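**Student:** Sequence:
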Amino acid sequence: MKQKLLLLISFALVSISLTAQDDSDQKFSVEASYPTSLNDGFLSDGILDIGLKYRFLDLQIVKIGVGINGSLFTENDEDNAFGSPSKTKNYFIQPKIFGEVSIPGLEKLRPSVGLGYSFVNSKIEGTSSNFGDFDYDVDNKGFNFVLGTSYDITKSFFAQIQYDVIFLEDAKEYKINEFSTLKLGVGFRF
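All letters in the sequence shown, in the order written, are residues -20 to -1, 1 to 170 by mature numbering (1 follows the signal peptide of the UniProt record, and there is no 0).
If you are wondering where the hints come from, they were derived from the structure by calculation, not from laboratory data.
Take these hints with a grain of salt, some might be off.
Straight-line Cα separation of at most 25 angstroms, BS3-like style, residue types lysine-lysine; simulated pairs [said to hold, decoys possible]:
id : residue 1 : residue 2
1  : Lys7      : Lys43
2  : Lys43     : Lys88
3  : Lys7      : Lys88
4  : Lys135    : Lys7
5  : Lys121    : Lys103
6  : Lys69     : Lys121
7  : Lys135    : Lys88
8  : Lys43     : Lys135
9  : Lys103    : Lys69
10 : Lys103    : Lys67
11 : Lys121    : Lys67
The model shown is predicted, which means the values in this text are computed figures rather than measured ones.
When you get a sec, could you build the whole thing from the sequences and use the hints?
**Tutor:** Put into structure tokens, the structure is as follows:
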């Protein structure tokens, strides 16, 4: 299912790129990625990450912009505090400011760095022999640091890789202070 969704998004972005604007006018981009957790045993099943970016300042070699991403991870926990299986859905909202670098001679390669703030909502549900059915939400938040690069396939269509690390403010629920993800995907500039 995940592969079909990414294939469909890729096809739509390639089709749109045939009518794309000149590269100098492209201030917006949309992105779709497959996120993977780099923390052992936490947020192990990434589903989808989607994002939108707007570049508002062009300093020739660096473009400054703002963006927002939303991600979904799922987790099936067989060994938890309730002594029974549970299912967790983790939702991320990640606004950020970023800089995208243009390298002379390597115009198709666009490294970027960003700083943002992440909001994480975890919905946990299951059944316990001691407590019966349970269903609760856990909210967390924290600063995040982003490193990435994209490679232009056409003037508008690109492939990307991105590394995020999130420094949680209140990590009691997960017993970790930070976690990181790797995102592989495609995008379209317009």
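**Student:** Quick one, are Lys121 and Lys103 close enough, alpha carbons at most 25 angstroms?
**Tutor:** Holds, at about 15 angstroms.
**Student:** Holds or violated: Lys43 and Lys88, Cα atoms, limit 25 angstroms.
**Tutor:** 14 angstroms, holds
**Student:** Do the alpha carbons of Lys7 and Lys88 lie within 25 angstroms of each other, as the hint requires?
**Tutor:** Status holds; Cα separation ~16 angstroms.
**Student:** Run the distance test for Lys69 versus Lys121: straight-line Cα separation, threshold 25 angstroms.
**Tutor:** Given that 25 angstroms is the threshold and the Cα spacing comes to 16 angstroms, the pair holds.
**Student:** What's the verdict on Lys135 and Lys7, does the C-alpha distance respect the 25 angstroms limit or exceed it?
**Tutor:** 13 angstroms, holds
**Student:** Against the 25 angstroms threshold, does the CA-CA distance of Lys121 and Lys67 hold or violate the hint?
**Tutor:** This hinted pair holds, its Cα atoms lying about 21 angstroms apart.
**Student:** Would you mind confirming whether the straight-line C-alpha gap from Lys103 to Lys69 stays at or under 25 angstroms?
**Tutor:** Distance ~5 angstroms between Lys103 and Lys69 Cα, so the pair holds.
**Student:** Can you confirm whether the C-alpha distance between Lys7 and Lys43 stays at or below 25 angstroms?
**Tutor:** 9 angstroms, holds
**Student:** Would you check the hint for Lys135 and Lys88, treating anything up to 25 angstroms between C-alpha atoms as holding?
**Tutor:** 9 angstroms, holds
**Student:** Hey, Lys43 versus Lys135, does the alpha-carbon distance stay inside 25 angstroms?
**Tutor:** Holds: Lys43 and Lys135 sit about 16 angstroms apart, inside 25 angstroms.
**Student:** Keeping to a limit of 25 angstroms between CA atoms, is the pair of Lys103 and Lys67 held or broken?
**Tutor:** Judged against 25 angstroms, a Cα distance of about 8 angstroms means the pair holds.
Hint check: no violations occur; every hint is consistent with the structure.
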